[in-house]
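S.K.: Each chain, written out:
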Amino acid sequence: MIGKLLGGAGMIALLCGAGVAHAASGTIEIGMIADLTGPAALSGQHKVDGAKLAVDEINAHGGIAGKKIKLIVEDDRGQNQAGVSAYQKLAANQNIVAIIGSIRSTIVQATLPYVARYKIPTMIGGTDPKLTHVGNQWVFRFRPNDTYASATMAQYAVKTMGSKNVAVLYDTDAFGAAGNALLKVALVKNGAKVVSDQGYTTATRDYTSFLEKVKSSGADTLATYMTNSEDEAQMLKQLRQLGLKVKIIGSTSIATSVCIQLAGPAVDDTYGVSDFVADGNDAAKAFTKRYVAKYNSQPDVFGGWVYDAMNVLSRVIAKDGTAPAAIQKGIRAVKGYHGVEGTYTFDTNGDGLHGYWVVKIKHRKVIPIKYVG
Amino acid sequence: MFSEFIQLTIAGLAVGSIYALIALGFVLIYTSVNVVNFAQGDFAMIGAYFMVSLVVVLHLPWWLALVLAVVATGLVGALFQLLIFQPVRNRPRNFLPVMIATVGASVFLEQAFLLIYGPIPYQLPPIFKADSVAVFGVHVYPQYIVIIVVTAAMVALLNWFLERTKLGKQLQATAQDPDTARLMGIRVAWMAALTFAISTALGGLAGLLIAPVYTVTATMGSSIALKAFAAAIVGGFGSMKGAIVGGLGIGLIETYGATYISGSYRDAFPFIVLILFLIFRPYGLFGEKVSQKV
Amino acid sequence: MSNMLEVSNIQSRYGQVTALHDISIEVRAGEVVALLGVNGAGKSTTLKTISGLLHPTRGEVRFEGERIERMAPEAIVRRGIAHVPEGRHVFPGLTVRENLIMGTSNRKVSRAETERDIEGILEIFPDLKRLYTQMGWSLSGGQQQMLAIGRGLMAKPRLLMLDEPSLGLAPVIVKQVFATIARINAQGTTVLLVEQNVNLSLKVAHRAYLLETGRIVRADTTEALRADEGFRAAMLGAGAH
Amino acid sequence: MIRSIARFLPFVALLVLIPFLLPGGRLGSYYLTLLILSLSYAVAALGLTVLLGYSGQISLAQAAFFGIGAYTFSVLAVNHHVGYWSAALAAVVVTTGFGLFLGAISLRLASHYLALVTIGFQIITELVLNNWNAMTGGADGISNIPRPSLFGYAINSDHGFYFISVAVLVLASYVVFRLRHSRLGGALFALREDEIAASANGISLFRTKVLAFAVSAALAAMGGILYASGSLYISPNVFNFYQSVSFFAMALVGGQASIVGTTLGAGLITFLPEVLRFLHAYYIAVYGVLVVVVVLFMPEGLYGLLLRGVGAVTTLVLGRREDGRDEVAYLKSDAVPERPVASDRPLLEIRDLAKHFGGIKAVNGVSLTVNRGDVAVLIGPNGSGKTTVLNVLSGIYTATAGSIVYDGKEITNLGPTRINRLGISRTFQNIRLFPELTALENVAVGHYRRGTVGLAGALLSRPRGYREEREAMEKARETLHFLGFVRLDVKAKNLPYGQQRIVEIARAIVSGPELLLLDEPAAGMNHEETEVLSQILYRIHALGVTMLLIEHDMSFVSSVATRAYVMDFGQKISEGSVKQVLSDPAVMKAYLGDDVEYA
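Residue numbers (the working numbering), protein chains in the order written: chain H, 594 to 966; chain X, 251 to 544; chain Z, 19 to 259; chain C, 218 to 816.
Next up, chain H with everything else stripped away, as it sits in the complex (with noise of 0.2 Å):
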């Protein structure tokens, strides 16, 4: 008993220990994993980017009480066990206060456990509902989950665009299978007829055969959830060469820089959700006009959350401190912060956002129309 004291107490001498060795340091480490490598690298590039961004920012304006942000990257290569990795890596840093997750739902899943070990504050973008409704504390979304996406996906094709025979696309990978389930569900709710629902395996560079069976499928609206924008660049070009006519409306991957920029007039008039719209509010307009500034290209979900997660951040430390459980604390209190993605309030679980935009692709912009919340 008397040794369990003691050691409690060196404990506490060793974590105050810490705290005075990065305040002297003058830097405050924030640690992120991102695809610096493999078949993503460049969602990870664009993460990166925007997390640079927001830490030049803040630096810029004297960083937080006179502390700079130290950013501290680690390559999850787009794989669960390369992303565990990168994840403890960055925990063994004992100056690292906070670590932004994956955009991926399964590299979150897999390590999820280890957040709960370690007890860091991490901040995920992968939208898997179930992800923050484990009970896990420690994890804090920066982007609204797909219950919310399939839902606003499913009321707008129905009720405004007057969908009737719906035919599905997604991708068999943890994000495109459960939203596949959950649009279902929200389009039969609605009234509409799934009339096909096709799986895909990511990367697929040839829908040829899927988009013969949308045709003959009779649909007269093409809802699609596809992970990668690649893939679904991929798909509208070869929707518009067999000359398919249906309607489109895509989840988040429609609408971002690399579908546009790899897609071209293809993906004109299309229908999409999106939780980042470049001129969606006040904050996400300057964080576009600063954005293509420094990096000359335009900015696209992959930054903005990580933009938004690294402002949430900077203001709890600023106020609460770099104590873990104050951050945890301070994240979960915030309560209408208008970031780049919207308003964020956080729930119980976890949860920032709760709400997509409907935006339509037309002449290669993103015009939204809509907030669902």
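Just so you know, these hints were derived from the structure itself, not from any lab. Only a predicted model underlies this, so the values are computations on that prediction, with no experimental measurement involved. Don't take every hint at face value.
Heads up, simulated DSS-like pairs for lysine-lysine below, C-alpha to C-alpha not over 30 Å straight-line [as the list claims (entries may be wrong)]:
(1) K416(X) <-> K174(Z)
(2) K147(Z) <-> K416(X)
(3) K578(C) <-> K147(Z)
(4) K840(H) <-> K928(H)
(5) K712(H) <-> K752(H)
(6) K221(Z) <-> K147(Z)
Place chains X, Z and C on chain H using the hints.
M.R.: What follows is chains X, Z and C alone, placed relative to chain H:
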């Protein structure tokens, strides 16, 4: 219904042509030096990137760019041979280390090109600018026709080279009996380099042909390569005719299967066919049964 | 005049196993020289060492004065030594004509010259004429042997090395083959011959070496060997060669 | 045996100590997770030690087996609430079943093709794991995978689980080690070194390959269970083709046929990318290059290199060891044994045998009879078809026509394994010893058909297994002694030609065959060695073994053979006593050629 079938057939043949070109590369290398080059698909990626540099960056006319890109890919292939195969060419049972080394090299090449060209996918304009042409309700994508025609021409050219020229015959002689070929004065090291150059050039051609349809990324080659590999086996590893028939067959099966059976298992069909072949006809369509000599 | 081929004290190994211990051979221009000995005595290994398929661990090989023992086979055949290997080794997937053309790989030849050379070979082996477009694998043993020798001659060698040309051939064919060797020699090609058919070898050759477990145990003219009853008995008794 | 087990102790001790050497806190936990990961990989990679290192089969599906194991376990334990150990057992059983299937297909495929089929299996497995939502949870994977409890204590901490993993690795190593040193291990090696020689020694290629695949799959499953339980979450993208390549790299980099080497390789391949992280964007490219360099330029792997380095240092410090090159190879005995007289009961009857290859009629209607107690010799010029007769006879070629009757039973086209098991064994013209095995091990493989203990017996350390192993070794030693050969522990590839012949003969007679087929036993031997050889054949004959040999050396033939058959152009041209046939003019002509002038 019928137009759908035609549509699928054209798409299947086009994708199949790409598999066939890469499968030919596998077969050429396998028959001549008895190793499998798992980096074969990455040469498709290299060819596509070279094409991007020549067309998008340097604005060369497409036909000149095509020739230059194919030749350049072949040169990279010859260099690859020098580094991966030459050092261990005389080691017994070198199949295994070479095979794993080519996988390691594939990891390296994909990363190297990712670093050089960056993660943003490139788009290559189609060779014919025309959009799809509708014939009797069938929308034909011109690039698909280009792929099929160029592949056919390339196969004819390759066949002419191997069957009608002395160099081609020397290449075959080396593959059939390297020691005796050396006794004839055939420089077998050159033949190995030439074989790699031709094989990888075919891969590069496949890559730049499909590039306008796909996007050009560092990882574009790996998934194509595995299916091309299946095509080579189904055809009978070691048979050029087999590689072509296997490639087209796999392309068609994949496309029909995804439509008429299940889209999610699209990538599985080539390998299910492969397993069936290996169980019931292990030496493929055109492979000869070889028995070990005592 | 000096020797065309001079093999001095070579030792050759297959991995850990020493196949040749100490072999020295000389071949003069215009000669037919035979290497005799039982299976495993090292005759084929000697030829392989000369043609560059094996590199000796000791000793040297000179062809027309030039050291060649470290050269690759491709380089050696370019210098004028053609090696017709044991077991014929015709290219199974090439036709008779293509096999013959492969024989010219050691030199630059025009198309017309190639055709002329092929004509010459078909004159020596008229049987090949009707097999002209057949694949190598479909030929009988004798036909393959003729093709292999013909292919060797296409290299226009100054020294032709033949390894067991009578192997597996019917007696009539064997006679033809040896008659051809004599004819080739008469036309000016020097020949180094490995044979099991002792009588025929002694007839066609000027000199012979007897090998035993990787060593030369006797070197003499064929007249002397033929006159030596003991040698003939020994060949039948010890190895029937 | 005890000594070779003792060699592993320092490594086990090191593994047990490592956690105590790690830094505390999260850094320690980071390393510990990687260590647990390495251990699970090591167990699966040990499967490749058996499959690739021992039996020489190529499989690029190890990640598939790893995944099937992990998934079967997780589905049972998480979704169906089966107890930890029962779920684990079931996972191993199911995975082994898939291993059996793949092994069964493999028989018909040459090694390169096998590599290809395993890739197909790998890719299909990954797709099924991804798409079979109802069972596998699809791309979402399975989370909340439990950790075991032992004797009522739940082992949830990483430290505890690490020790469980070490225990499983030790168990896996034991399995591999026992297999290596059992009768089956000899069979696996024989398969790797020379399939034809293996089957000619009574080893069933089919059963051995299937066994190798099954064991390999079982080990992969064990690794998979550790993986699932260690990371608490699995999803299909972990078990992909590149993971299979990774397993392969572990085996090759460490040293494919070494338990310690493979384990080190697993650690290295797992830690290498982590160690290289400081290179940022370049590290995966550097990793690729390192794999290429190691695989191409270090054929024995890093562990092999290490051992050689240690060996070199030891030699340097302790002085040169005797390499045994000049050791006496034969013990001579001058006693001429009593040779049995041939009976007139036929043991082997060949009728009208024919074998054609394409256009070449290698054997064209040969009939001959070998009586019990005969030393029959088949002579004839090179290329006359003698070896082909022997190859058809021992089941390596199938006959085009004709029949072979042995001991009253029809054995035509039975296959080499069955024929060997009937009591016919042979040597080969170009010597087919297992080059990487020692002389003694080679001969012990020859005893295979006399053994009975299978996998279970070997792994459970049944006394009968040890007895048989001992017996095989003793018999092998005895046989080599009987033939006067003493360099027992030299690798076959390092023996001179003549000695290799003796070892091959010993391998052929160690199981006590009734009929011994010898293909040119005296080829490449000098006089002295030939004399030793005839002594040896006398002694074998004196044991009552009937022999059929092919030979060119006539003085040798005259001294050993009781009956001779002469072949030319695929046909028998003469038969009788050696003396008779040698004076037959047809034979003279066949051998020496006729006397026509050409020059």
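S.K.: Need the list of violated hint numbers for this structure, in ascending order.
M.R.: 4 and 5
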